[in-house]
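Undergrad: All chains should be built: construct the whole structure from the sequences, respecting the hints.
Be aware that the sequence shown starts at 1, since it is given in the numbering used here, and climbs by one per residue.
Source of the hints: derived by calculation from the structure; they are not laboratory data.
One thing to keep in mind: the hints can contain errors.
To be verified - Here are the simulated distance ranges between beta carbons:
id, residue 1, residue 2, range
1, I98, E249, 41 to 47 Å
2, G114, E150, 33 to 39 Å
3, S162, V247, 34 to 40 Å
4, A180, G155, 16 to 22 Å
5, G114, L45, 36 to 42 Å
6, F49, H89, 47 to 53 Å
7, Y227, K117, 30 to 36 Å
8, L240, V94, 21 to 27 Å
9, S223, L75, 38 to 44 Å
10, K86, P124, 36 to 42 Å
11, A246, K117, 27 to 33 Å
We put the CB at the ideal spot given by N, CA and C, even for glycine.
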Amino acid sequence: MFNDGLENVKASGEYQRILDSYISSGDGTAANVESNEGVNFFTLLGTTFPRFIQAAGVTLWITAVSLVFAVVLGLLFCALRLSKYKVLHAIARVYLWIIRGTPVIVQAFMIYFGIPKLFGFTMPVEVASIITLTLNAGAYLSEIFRSGIEAVDVGQMEAARSLGLPYMKTMQKVILPQAARIVIPSVINQFIITLKDSSILSVIGLAELTKVGKAIVAQNLESFNTYLILAIYYLILVSLLTALSAVVERRLSRGKLKGTSN
1 MFNDGLENVK ASGEYQRILD SYISSGDGTA ANVESNEGVN FFTLLGTTFP
51 RFIQAAGVTL WITAVSLVFA VVLGLLFCAL RLSKYKVLHA IARVYLWIIR
101 GTPVIVQAFM IYFGIPKLFG FTMPVEVASI ITLTLNAGAY LSEIFRSGIE
151 AVDVGQMEAA RSLGLPYMKT MQKVILPQAA RIVIPSVINQ FIITLKDSSI
201 LSVIGLAELT KVGKAIVAQN LESFNTYLIL AIYYLILVSL LTALSAVVER
251 RLSRGKLKGT SN
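TA: The structure is reproduced here in structure tokens:
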């Protein structure tokens, strides 16, 4: 009896409309459950390629924009942490305490659902995603920047100031270039973490890689192969960032050696 009813619903087209409403990937692609059932890995890799590439573009775009803002935010709160004014120092510590003490998923829920509900407005999922990743990465980057600056011998600051260089000029010409060499590996590692953290944003509806992967699984029931393909895409993206990190480190090392030889 149930099967007969299900067949009638499928024949009428209502079944497909329900699927399109509830398990759409969020990228405008309609669901089609039966089109990929039972396919092998390579066939699935080919048929899902356009959707995963589009989702990878969303992932990279959201991550890149977030990291630009996160670097600015990290530098700002690094300055507050190094400030001699207790109020500014306290503001930075509270921000770090909140961000480091709560999961990214809770931050995403608060920014996308909580704050708009409290103040009576709606927020695009892309904006909420960028704000979430910016606030999260900014907190960790601020500590990375601070540790890099503090790792530079304090005597260099004192020597530059004794020669009459202003504080800001000393930071710009003496301290920050050395701190940059120290923090670059950690900064790129944070970039990789932020890229992977973007997968959490699927819970608020961002059509990035993980969201599209879950939608494809719901459509074809090929969970192992689909998630294996998803993992491969993430591995490719992370490997590219890791390779970039290695190139930057080598160039910085060469520059340091040249500076030493001179």
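Undergrad: Could you tell me which of the numbered hints above are not met by this structure, giving the numbers in increasing order?
TA: 1, 8 and 11
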